[in-house]
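Asker: Residue numbers (the numbering used here), protein chains in the order written: chain L, 1 to 989; chain W, 1 to 129.
The set of hints was computed from the structure by calculation and includes no laboratory data. Being a predicted model, the structure only gives us computed values, none of them experimental. Glycine included, every Cβ here is placed at the ideal spot set by N, Cα and C. Errors might be hidden in some of the hints.
Claimed, not checked - Some chain W residues near chain L, calculated using beta-carbon distances under 10 Å: (1) D39; (2) E62; (3) K65; (4) Y71; (5) E80; (6) A83; (7) G90.
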Amino acid sequence: MDNGQLTVDVTKREPAAPEGASSPEIDPIDTFVRRHIGPDADDVRAMLEVLGVDSLDDLVDQTVPKSIRLKKPLKIGEPRGEYELLGELRTIASKNKIFRSFIGMGYYGTITPPVIQRNILENPGWYTQYTPYQAEIAQGRLEALLNFQTMVSDLTGLPLANASLLDEATAAAEAMTMCWHIAGAETSNDPRKVTFFVADDCHPQTIAVVRTRAKSQGIEVVVGDAKTADFSSGNFFGVLVQYPSTDGRIVDYGDMIEKAHANGAIVVYATDLLALTLIKPPGEFGADIAVGSAQRFGVPMGFGGPHAAFMAMTMDHARKMPGRIVGVSKDAQGNPAYRLAIQTREQHIKREKATSNICTAQVLLAVMAGMYAVYHGPRGLVRIANSVHEKARLIRKELAEMRYCVPENNFFDTIYVSLNGEGSITGKARDLIILAQKQGVNLRQLSETEVTISVDEATDESDLDSLLLLFAGFANSSEIAPGTHASLEESSLVARQSSFLTHPVFNRYHSETEMLRYMRTLESRDLSLTHSMIPLGSCTMKLNGTSEMFPVTWPEFGQLHPFAPGDQTRGYQRLFKDLEKWLANITGFAAVSLQPNAGSQGEYAGLLAIRAYHESRGQAHRNVCLIPVSAHGTNPSSAVVAGMKVAPVMCDANGSIEISDLKLKAEEHKDDLAAIMLTYPSTHGVFEEDVKEICKIVHSHGGQVYMDGANMNAQVGLTSPGVIGADVCHLNLHKTFCIPHGGGGPGMGPIGVARHLVQFLPGHPLSAQHAELNSVGPVSAAPYGSPSILVIPWVYIALMGGPGLKRATEVAILNANYMAARLEKHFPILFKGKNGRVAHEFVMDVRQFEQSANVKAEDIAKRLMDYGFHAPTMSWPVVGTLMIEPTESESKAELDRFCDALIAIREEIRAIEEGKADRSDNVLKNAPHPAGVVVADHWTHPYGREQAAYPAAWLRQHKFWPAVGRIDNPYGDRNLVCSCPPMQMEPRS
Amino acid sequence: MSSTPPAQYRYLASHEWHDLQGATVTIGITQIAAEELTDITYVGLPKIGAAVRANQRFGDIESVKATSDLYSGVTGTVTEVNAELAKNPGLVNSDPYKAGWMIKVKVDNPAEVQNLLSLDDYLKKTGHG
């Protein structure tokens, strides 16, 4: 081929070429399918040869039961090019209109420090890691999360904060259920405590989400004025107030807290971190719990998310805290080390005894918010807060001078304006809102005659000018009501006296150079997809393509307020419509809701839809949920949160549902059967042959079939929940559809439903698009969950097209079967389908080594770190085993490298078995080996340093050093420390 | 490795031992249970004066591996709780029958203890006999 052939002038293309015909020269060059899928055609051929199969089709035929295969190809369109598609997306994005937002309601303009945007939000070293279960190779993120917890704890004045929750509204709902359980635990003889009080000046979306949760749990909600509320009946187990309130007032709830406590009620504050830099924090009033959103700490509004919500509380009920908590422990050498604390509280262990189904945090966003505090420090934050407050005061003063009624003088950033005051400008709020929109300004309408104006960090002088011009214009065209105009009072904020963020980490990195290096130091302690494959079974750590990530930080997607009017969000609406259509096609369902913010929320929303469906048919008593014992622990905990009773179904030795037991249980519960929750392919990585029959049995006993979409990536383009016979399914967009794991969030868990359930999808009181959905309330604060990351699956699906998506599924199955074939000569592979094939993941048994060599799954996991790899999923679904999922994105070379590492470890185990290595002092038991251990002057082990740190040749090219030695988990759980430790404990000094 | 549970104690199949002295029963968990749980990190106990009922939950226990409920085999009032466990929950692992005790209950009916499992029955019921 000479160069001339490569330069094709498309303008001189022969017009006679028939449509659809193409020559290699003019085929698009920027195709994506081959970039997303790891193995190329040669690799695929070589891997098929190892399996003894002629083609990918044959492999799929041997793996996926014929009875459930799709009859028609996906209706998604053909694969597209990255450059070309991003061009189209820019056009779509331009249909989103960025107005000056003064809406507030928990969402504010913020300035993401560019150094944080580029080095965290846009950096695969920070967004492609997995949840930090393997703490030794996640110390950077864990430190960043500890910063976040310390920040939340300091600002709220409460000692224990978690590592973030999904959004403020769900955090409030979590707080409510936590109070409920605490009350239940301590007053089990007091059945009166069934009521939760919610102040009527909480954000409306918070009240709505709390109501949804309360209904499913059988909790009564009373909404009213918290100042005058009477708790003396003793019925109230908890109280929720907003501080500052949704209309901006800062109320002193000291007396209310005393009254609530005297009557056995726990007090929850929904609060604002920026305001808390200036005003007295909830903990100092005596509040028990604080929740809120850290969005305005540098995380774009994104039309509703993703953001990190927070929860902080007193130490009394630490073990009731939902979500993840980072804590300090020590490693094998006695150095301080971070890891997730008191894990056994979590849903995946407690199953139906869990008090929350929360799994995911919003790690990436919590890291950003924490870094925002590191970057600005306490003084910088106060300066920002003061500036916000000054801007608000200025507006109020100007409005007062224009004779607007602005009676509230105790506020932080939100000014309340009445258009109905004596001696003041009067008019209709609606008219003002419309006039504002004409001028590119969004205000919040509180009622027919009230509006609020919320200012923020990003509000600049020109914004203030437009705002004042708007109000001046409206005043000119309006009447002034008779009466005396009230004079303006001075702000009387109860100023915060206590110090906060005194830890050195918040006072050290304020120059960009220092900040950059701090973030890079932490990043270098984390193993991410930028280093090597992360073969976590069930977690699907596939490529998060750069083109998919680009649009996330486009301002047209980032700077929209979730309650902006529909005509400003047409770009998003188009994106949602495409995505809903595509996901409905992929799942074989009638409709999709994009609202649930995580897989667990999808499960909850899906089960609520099922409950509402039964209710609508006069069968509200149907509340039993069948769950196979092999199911992930989130399933039973979601069922409990949705108000159902769990009945376990037995599984056979293959992890598949035992049909005989299912029939028995279905028959036993035929009068109150609500649903079954099943995972497909099964959690054991097998395409069960009987899945259609399972659905039939449940349906014939009056139940609905909920499919856990965790393994959807093995179905796309080959089969679908709809074809299999399910009624609802959630999709983990962060698994199958390329949203990065972000080191433990964000995720998204949309649900697809069959036609009869469409009307029971989650609604939202503040969204016109959700007006027809009114039987089930919202499950997330924002109508579309976390919209700014929905661009990721949109780009992925559009780039891959129907054929590319199907190919991805096939190669995922190929990769898993290839690895299983290579590894089964060294380790037993536990579960296979009837033709001896695994699905897209497989379970490898290592339990035999405990007897033979005193080696456990954990030892192998830690030893893999020395080889530069993240461990597979450990001890799930079977205790003591490893579950491997390679995904389609890993090349044959990387799969081989990982297999080589495991095989080399097998030989290390053999050396122990054969007595050539010590049973307790060996490379596995002492793994991982951090640099400090290997280079120490003192070396006492019977094996060499070389073998410890460089057991494979490729490590000479690139070595990822674990930051610490093996972490002592019991120590940390027995000595709970969940905020930044004093500096002398840190290895740096 | 397990030391045999004391023969004079009475048991629940959920692994709690009961030692009756006069009208007071001391309750803890057996070494079998402690070993199954592995490293115990937290023991949640009732307050002094709390009422406990036979075969009902009185607290919870956490290890690095699992969380479990703790059950009482007797009905009565809690007169003492082992405050040491708050600082050192590992005592349940290292010395389950002595230093790792959990609560003392003044029982309404001391004869109730005799209804609980004997050591042999406990071992048989839990598959260790």
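Asker: Honestly, which of those hints from before does the structure not fit?
Answerer: Checked against the structure, the hints that fail are numbers 4, 5 and 6, while the rest are satisfied.
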